[in-house]
Amino acid sequence: GESVGLHLPTLSVQEGDNSIINCAYSNSASDYFIWYKQESGKGPQFIIDIRSNMDKRQGQRVTVLLNKTVKHLSLQIAATQPGDSAVYFCAERSGYSTLTFGKGTMLLVSP
Amino acid sequence: ETGVTQSPTHLIKTRGQQVTLRCSSQSGHNTVSWYQQALGQGPQFIFQYYREEENGRGNFPPRFSGLQFPNYSSELNVNALELDDSALYLCASSSIGQGLINSPLHFGNGTRLTVT
Chain A
-14 GESVGLHLPT
-4 LSVQEGDNSI
6 INCAYSNSAS
16 DYFIWYKQES
26 GKGPQFIIDI
36 RSNMDKRQGQ
46 RVTVLLNKTV
56 KHLSLQIAAT
66 QPGDSAVYFC
76 AERSGYSTLT
86 FGKGTMLLVS
96 P
Chain B
2 ETGVTQSPTH
12 LIKTRGQQVT
22 LRCSSQSGHN
32 TVSWYQQALG
42 QGPQFIFQYY
52 REEENGRGNF
62 PPRFSGLQFP
72 NYSSELNVNA
82 LELDDSALYL
92 CASSSIGQGL
102 INSPLHFGNG
112 TRLTVT
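Protein chains in written order, with my numbering: chain A, -14 to 96; chain B, 2 to 117.
With the rest of the complex left out, here is chain B (with noise of 0.2 Å):
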């Protein structure tokens, strides 16, 4: 069984610029959630895809957008970075089923992003 992969595992971008981060999920999951980790907190929820629609939102602004794609990998887009966009950025796949009871999540390492 795969566990859930993450690319790149390091990036370093310039605040303005714009970032892609990607996300392989967990064989058998159906459901992707993308977290925000900043230095010493829990991880913060960013937004869930489930049949490659957004179905549920965290507080973040507009220009943190998402995709989930057929085969259930996803990708994390980040516009206008700031400064306050540094940290790590965990993907999480779980699956959906019979009664819509979710498993619990499983994550990848994350990516850590470092704006300057």
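So here's chain A without its partners, still in its complex pose (with noise of 0.2 Å):
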């Protein structure tokens, strides 16, 4: 069926630098997205989200960008803080289907 994956499984970057986060998807009707940041023990906390109809939302240090054109979606954290250390995942939907994450990408921030 149709996923959505992420390019980089690690990303490593130090206190107060900017980090993007990558996702590629593959199903060309999905038509909302969201980031969603996951901590050791915890559930998926919902970051931002994004529908087709914009390419670019900004939130509090956070910007998520959408690409249609070549099925790309990205995450950029301003300032990126020690405690931004997670996993993240994008999630793709198309019109009222559920939820379909992808693998998800460890972000370390070292001080």
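Derived by calculation from the structure, the hints in this document are not laboratory data. All values reported here derive from a predicted model rather than from experimental measurement. Idealized CB from N, CA, C, for every residue including glycine. A portion of the hints provided could be inaccurate.
Below, a sample of chain A positions facing chain B; criterion: calculated Cβ distance under 8 Å [unchecked claim]: (1) 74; (2) 88; (3) 89.
Take the two lone chains and join them into the complex the hints point to.
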């Protein structure tokens, strides 16, 4: 079936750097995308979402970019902090279907 | 606002046994979904309930079943447990409102099931 995947399994950055986590999706019918953060021992935590009629959305320190032409999604985290260390998942949905998750990227932030 | 809560947090069962996991949805949410997350993997969709009816199912066998109650709480039941059922089971709630637009899924912290 259709799937969502990530390019980099692990990303290591220094505190204060900007982080970019990438995600490729294959379902051209997907119209809604979400980024989740999952810390050890916890469930996924909603970060930011974007609908397919947009190509950029900003939150607090985070920006999601959507490129429908190449089916690519990215999450940018500004001024990365040690508390940002976690596994990040992108997920996609088509219509009223449920979310399909990728495998995740581990973000490691060094002080 | 109360978030999604799941019980128990950890559970150890023997192959062949049956297990029931419970979930209380976030207040105001009318839809509940269950996901299975194997170690090092993303969550995999099991099924979704809306208005006490299953309205979507992933690639899981019938021995995975569920219920949604009038207060929007939910149960996940797994019969004839297999070793590969060992995973983190996540419950997520959302709201289907006017226009049938789903809100983002909000997850609980999961139940860690170990099958020996």
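Now the hints, each set against the structure:
no., hint, in the structure
1, 74, "holds (5 Å)"
2, 88, "holds (5 Å)"
3, 89, "holds (5 Å)"
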